[in-house]
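S.K.: Single-letter residue listing:
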Amino acid sequence: MAAPEATRPRSTHLAVAAVLVPPVAWVCALGLSYVVQDFACTAYASAGRNPPTTVIGTVVVTLDVVLLVLTLAAGVVAWRTGRHATAGDSSPLFGFLGRLGTFLSLGFAAGIVMIAVNPLVLEVCA
Amino acid sequence: MTTDQETGPSAEERARFAQTWARPSGWRRILMPVQHKSVGTRYMVTAFVFFFVGGLQALLMRVQLAQPEQDVLSPQTYNELFTMHGTTMMFLFAVPFLEGLAAYLLPLMLGARDMPFARYNTFNYWCYLLGGIILYSSFVVGMVPDAGWFAYVPLSGPEFADKAMDIWLFGLALAELAAIGAAIEMIVVVLAMRAPGMSLDRMPIFAWTMLCVAAMIILAFVPLLVGSLLLELDRNIGTAFFDTERGGDPLLWQHLFWIFGHPEVYVMFLPGAAIISHVVPVHSRHRLVGYPFVVAAVVVTAIMSLGLWVHHMYTTGLPPVTLSFFTAASMSISVASGVQVVAWIATLWSGRPRLTVPMLFSLGFLFTFVAGGITGVMVASAPFDAQAHDTYFVVAHFHYVLIGGMLFPVLAGLFHWWPKFTGRMPSARLGTVSFWLAFVGFHLTFFPMHLSGLWGMPRRVFTYDAGLGVGVLNLLSTIGAFIFAAGLVLTAATLLGALRRGERSGANPWGADTLEWVADSPPAAPNFGRIPVVTGRAPLWDRAPSDPELERMSAAFDHAPQNVRATPFTTVLSALPNTAAVQAGPTFWPFLAAGGLAMAAAGLLLESGWVLGASVLVIIAAFVAWELQNERELGAGESTEPVGGEYLVEAPGPLSPGWWGAVGAAVVLVVAVTTVAFSMLFLQVNAPVWPHGKALGLPWLSAGTGLALALAIAASWWGSRRGPLSHDAPPTARGAHLVAAVTTTFAGALALVLAVAQWPAGGLDHTAHSYDSGVLMLVGTLALAILLGLGLTVCSLVARLTHTRDIRPRIMLQNAAVLWTGVLVVWAVAWAATDLMPLAVV
Chain A
1 MAAPEATRPR STHLAVAAVL VPPVAWVCAL GLSYVVQDFA CTAYASAGRN PPTTVIGTVV
61 VTLDVVLLVL TLAAGVVAWR TGRHATAGDS SPLFGFLGRL GTFLSLGFAA GIVMIAVNPL
121 VLEVCA
Chain B
1001 MTTDQETGPS AEERARFAQT WARPSGWRRI LMPVQHKSVG TRYMVTAFVF FFVGGLQALL
1061 MRVQLAQPEQ DVLSPQTYNE LFTMHGTTMM FLFAVPFLEG LAAYLLPLML GARDMPFARY
1121 NTFNYWCYLL GGIILYSSFV VGMVPDAGWF AYVPLSGPEF ADKAMDIWLF GLALAELAAI
1181 GAAIEMIVVV LAMRAPGMSL DRMPIFAWTM LCVAAMIILA FVPLLVGSLL LELDRNIGTA
1241 FFDTERGGDP LLWQHLFWIF GHPEVYVMFL PGAAIISHVV PVHSRHRLVG YPFVVAAVVV
1301 TAIMSLGLWV HHMYTTGLPP VTLSFFTAAS MSISVASGVQ VVAWIATLWS GRPRLTVPML
1361 FSLGFLFTFV AGGITGVMVA SAPFDAQAHD TYFVVAHFHY VLIGGMLFPV LAGLFHWWPK
1421 FTGRMPSARL GTVSFWLAFV GFHLTFFPMH LSGLWGMPRR VFTYDAGLGV GVLNLLSTIG
1481 AFIFAAGLVL TAATLLGALR RGERSGANPW GADTLEWVAD SPPAAPNFGR IPVVTGRAPL
1541 WDRAPSDPEL ERMSAAFDHA PQNVRATPFT TVLSALPNTA AVQAGPTFWP FLAAGGLAMA
1601 AAGLLLESGW VLGASVLVII AAFVAWELQN ERELGAGEST EPVGGEYLVE APGPLSPGWW
1661 GAVGAAVVLV VAVTTVAFSM LFLQVNAPVW PHGKALGLPW LSAGTGLALA LAIAASWWGS
1721 RRGPLSHDAP PTARGAHLVA AVTTTFAGAL ALVLAVAQWP AGGLDHTAHS YDSGVLMLVG
1781 TLALAILLGL GLTVCSLVAR LTHTRDIRPR IMLQNAAVLW TGVLVVWAVA WAATDLMPLA
1841 VV
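Residue numbers (the working numbering), protein chains in the order written: chain A, 1 to 126; chain B, 1001 to 1842.
For reference, chain A alone in the conformation it holds in the complex (with noise of 0.2 Å):
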């Protein structure tokens, strides 16, 4: 029957939410940005009212630096997973979702900072 995957079950979570975090993030801060941005410019424009460009702004630049802080603490805690597995307190297994969500990380939080500066140098609804 089945075995346990790991000795400890929280390290478990943590090492695989630190994979997952860094992507979901990612869809979440283009997708967040898109629809705040163009459905609220658009949806005002439909409605023949001027948007508040400044408080959309704010929302998506908000928004992305939650996400970013969110995807370099899925980094961090990677990083500590490979790190004890490197130390040999862990399996190889542990070793590599350590390196692969501190790539992760590293990757999606690029890309999160590459979206969130658009609303700071652009004009948000024009």
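It should be emphasised that the hints constitute simulated quantities derived from the structure, not laboratory data.
Be aware that one or more of the hints could be misleading.
[Stated by the list, open to error] Here are some chain B residues the structure puts well away from chain A; computed CB gaps all over 12 Å:
| no. | residue |
| --- | --- |
| 1 | His1286 |
| 2 | Thr1391 |
| 3 | Asp1465 |
| 4 | Gln1629 |
| 5 | Gly1697 |
| 6 | Pro1730 |
[To be verified] Computed from the model, here is a short list of chain B residues facing chain A with C-beta under 10 Å:
| no. | residue |
| --- | --- |
| 7 | Ala1296 |
| 8 | Ala1297 |
| 9 | Thr1322 |
| 10 | Thr1478 |
Every residue, glycine too, gets a C-beta built ideally from N, C-alpha and C.
We have chain A; now place chain B onto it with these hints.
M.R.: Coordinates of chain B only, in the frame set by chain A:
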């Protein structure tokens, strides 16, 4: 890794095992095989037939364009050919071929004996084949689709397209259904059916990639299926999703199409890249450099590909900030692709490369794909794209990416795995000639298109003016196309010729490292007599001692079980021994079910109520017979005994394939309803008034539906908790299963009645406004979801009434509870879209 045949089941046991896995013979070989190698081979062969037909269409177009102002083809014929060429290559060749390759290779690479739902796998193949036949029947009836493979509205709408577009939509819908089903298969086999010891860090790159690709297919193909349905409804029952006068928007189609269309590019490229990640190390005699980086790059590419669709819509008038979000995403993904290129070059650099035919095609891929990637970065920039959009520059770019990124790797893979598929080596000399013809021909065809595009030649035109100055470039392209075609024909001839005249290859002619090379060439029906145990990332190169627990599972499955098809089910992260998964045997019913669906499509196209009614009967009969056969087989023989006295045949939760299937179905439903809800939100923000009349506003009916669904979840979950984890439960538990199944059925039926009643009670007119059309679509989606839940619940009832294995109805009830939870989410999203979203007014 430890290999086969170390210990010895008796000759009689081996014979019984072989008999259990025997392939059907005689006429049954045509319609009944379900084993992954048969299905995978059929996928690949069918896809290549379509590929050559699509290639022929391309050659005809190149003949027309060889000189300016020619009239070899009429404008109408040209439009039909470029529509069918794109449709064929994207929907009938590229994705199905890769699914076929995955169906063939994944179980072998992972150390399993078959795909998790072998009959469903076959059903998907028949859907794909019949979808393709429906599409090509358009030539027979003289109504060939001509609106492009992208089918932009309003060109494809009721005003401008005849029945040809309906043929296109129905054919495509079947092919998409097949792709989504194949994706669920791939996810389950990769996550839960790996050989003992093959933890995630030891998984082949091809398996990692197909896992990501399968997730992409579910997230990206479902929106196209929804979009196809919306367009079909607009065309045939007068809904208003794409009609601006009634609150619709043609741009919605572009969003839905490209939400599918861009990930589709990576659905083709990523498996191609994965093939290279296997071919380059084996033919360089060196491990893949930077395995974790490559896995990360695959994940990043897959995820980011889901967020690039707007870069196909840069010239549709979207705001600059919107464009900038997607430019950022498009630039980011190129970094991830670059990581893989660096890993392949480093592997070549570190190893001792052999210039075999697979390696030649791999190098051809590297050169071509990098070139295509560079032009990809160019068109990812909104200002450049505004200049190059709809010119031949874009045609050149995507052929560099698709042929470089998918076709060359596929050819590398075919030469690499041909000895495994057939037991014969293809001719290296002919293979080399075919490579050079294909490589030179390809670049002669498509490189000049960059220039003709930049010099102003638009795409999708049947001819061009001599004064444009692109005649010579087009002539070169046409000459190149024929050289390219000659290379591909020679490739096919080389591979087919090897079937008879090729040297015998042995199990592992290349000295490769992954598990498929342990099996015979060609592999025996069950793949592995004794399931291999994996101790390293390159199992055939790593020789480390293995864990006794893993060896125990391997021994338990050594030519066993003998009277039922089964394979090990292992844990997701570490691939530790878990349970045994039963594998289905040959049957006719998947063919009949797919045939029923195709018949339904024909009935709708012919507008024949008789054909449609008959098809419904065929579909119901096929699924009922399918289910009865499933339950009969699962109740027989050794299904009631743990394999090796230790590994249960099925167990609740993620320990059996059914649970994964239920989760997959629930996710597909949720993605579908979310797509409809987002479509309504998109239309709402673009409409001056939303809704045009009154909103649905039936809180009691809606809440009643939700409560009935909650009751269905509660009843099925309660029933799934009764009885022990063994095959003989006390009568009280059996009674509880029965009560739970019946209660769930009644709750589901009540939910169906209440959900459907919303439409007449709401007094809406689906032809009046897109909001009303959306409500109809959401009610329909919810009703379909409830019907699926009811179907699974009735299966659990059948299981209870027919089984002596008491754990089976318990498992089925749990699967039903999972699916009902998905249905409840569908209800919540539908309710939010019909009643809550209209309240958001600026």
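S.K.: Against each hint, give a clear statement of whether it holds in the structure.
M.R.: For each hint, the structure was consulted:
Residue placement check: histidine 1286 (chain B) keeps its beta carbon more than 12 Å from all beta carbons of chain A (closest about 20 Å). The Cβ of threonine 1391 (chain B) sits about 26 Å from the closest Cβ of chain A, beyond the 12 Å cut-off, so the non-interface label holds. Every beta carbon of chain A lies more than 12 Å from that of aspartate 1465 (chain B), the smallest distance being close to 37 Å; the non-interface claim holds. Chain A leaves glutamine 1629 (chain B) outside its interface by the beta-carbon criterion, the shortest separation being 28 Å against a cut-off of 12 Å.
Distance check on glycine 1697 (chain B): its Cβ is at least 21 Å (rounded) from any Cβ of chain A, clearing the 12 Å threshold; non-interface status holds. At roughly 21 Å from the closest C-beta of chain A, the C-beta of proline 1730 (chain B) stays outside 12 Å, upholding its exclusion from the interface. Satisfaction of the interface hint for alanine 1296 (chain B) is found here, the shortest Cβ-Cβ separation to chain A being roughly 4 Å, below the 10 Å cut-off. The closest approach between the C-beta of alanine 1297 (chain B) and any C-beta of chain A is roughly 8 Å, which is under the 10 Å cut-off, so the hint is satisfied.
Hint status for threonine 1322 (chain B): holds, given a least beta-carbon distance of 5 Å to chain A, under 10 Å. With a least beta-carbon distance of about 41 Å to chain A, the hint placing threonine 1478 (chain B) at the interface is violated under the 10 Å criterion.
Hint compliance for this structure: hint 10 alone is broken.
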